[in-house]
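Fit chain B to the given chain A structure using the hints.
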Amino acid sequence: MPETPESIPPPRKVPSLWNLFISFVTISLLGFGGTLAWARRMAVDERRWMSAAEFNEVFALCQFLPGPNVANFAVVFGARMRGVVGAICTAGGLIVPSLILMIVLGALYARYGEIEALQRILGGVSTAAAGLILGTAARMAQPLLQPRQWHGPVIALAVLVAVGVLRIPLWWALAILIPLAIAVAWRRAP
Amino acid sequence: MRLDAGTLLAIAAHFGLLSLLAVGGGNATVPEMHRHAVEVAHWMTDRQFADIFAIAQAAPGPNFLISTLIGYQVAGIPGAVVATLGMCGPSSVLAYYVSGTWDRFKYARWRIATQNGLIPVSVGLIGASGVIVAQAADHTVLAYAITAVTAVITYFTRLNPVWLFVAAGLLGFAGLI
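Protein sequence lines, in the order shown, are assigned to chains A and B.
Plus 132 on top of the position in the first sequence (first one is 1) and you've got the working numbering.
Plus 4 on top of the position in the second sequence (first one is 1) and you've got the working numbering.
Hints in this document: simulated from the structure, not taken from any laboratory.
All clues given are correct.
One side of the interface only, derived from the structure: several residues of chain B facing chain A at Cβ under 10 angstroms:
(1) Gln52
(2) Ile59
(3) Met91
(4) Ser96
(5) Val102
(6) Trp114
(7) Leu175
Derived coverage of chain B by chain A (criterion: at least 3 residues anywhere in the stretch with Cβ under 8 angstroms from a Cβ of chain A; other residues may be distant):
(8) 17-25
(9) 28-37
(10) 77-87
Which bits of chain A does chain B cover? Going by a derived footprint, with three or more residues having C-beta under 8 angstroms, they are:
(11) 197-205
(12) 212-225
(13) 236-246
(14) 252-265
(15) 295-307
(16) 311-319
Quick caveat, the model's predicted, so the values are computed rather than measured.
For glycine and all other residues, C-beta sits at the position ideal for the given N, C-alpha and C.
Chain A with its partners taken away, still in its complex shape (with noise of 0.2 angstroms):
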């Protein structure tokens, strides 16, 4: 890939596995709402381990691949720093820590659910989590929302209702749209 003059790195060191773990355990425990977000600020703003250019380019993989963005995150940019061992760092930094904590969190759940005052505060709690998914639902969708580009919305629609309305499972729904969606997407690549 040739390097552009905007994307002339910062002077760059090969990150020891050791830092590499410690930084996605601090993503891990400090991303609050979005972990992909801090990972961005640790790996570019203030390592800079990577460029913002090689950043975007890793990110948009990241959520292409199926599975949980923020986990393909480490293991991608694990592996370009370290290899395999780095990927099972990066990894292993991002999981570890919050998998405790929510086994403890799962315990507490499990001992005191049901007292009233806590069943009242999780009540409000998960109401406000529903919204936060709607508006960032919204928030992805406004891209799509171009001057005679119908296709997008239509997709987007068709899939909400099909999974969230008919409740059709998920590998049902996703083997009919998702070929019809690339189709489409097909007829209008370059």
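Same frame as chain A, but now just chain B:
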């Protein structure tokens, strides 16, 4: 809680499949997690699902950790570990192998078409997650109103969602929802 090998295998199979179906990230699979956990396998009630979703969203860390909580609810710590590995394992292995060859197809038509085609699909899936969690969580007019207000604030501002969770939690605690 069930701790037999069959249950753990069922958890691994469910989340392992979801890992590869998660077009658009972890939250895209929330509808299928709900369908399976509540309606098919009867691992939990609708309300418990909404609670667990709220905990996973409000806690720090990646959103896909709702799988950990579901696994824990079904089969304790082994269930939590199996669910988490199932959710990340298959997609991580795929990501590792694809990232090595991806640059080679940078300008290939199939890559551009696939990438563009999947964007509206993932938008639809995230929207579906919101609809399903709202239906599980909202039972009063005020609850629907809070969901709507949160959605509008999320759409128009960059306010840290923690504050929205705190506000909604307080309203809930006060018995208003």
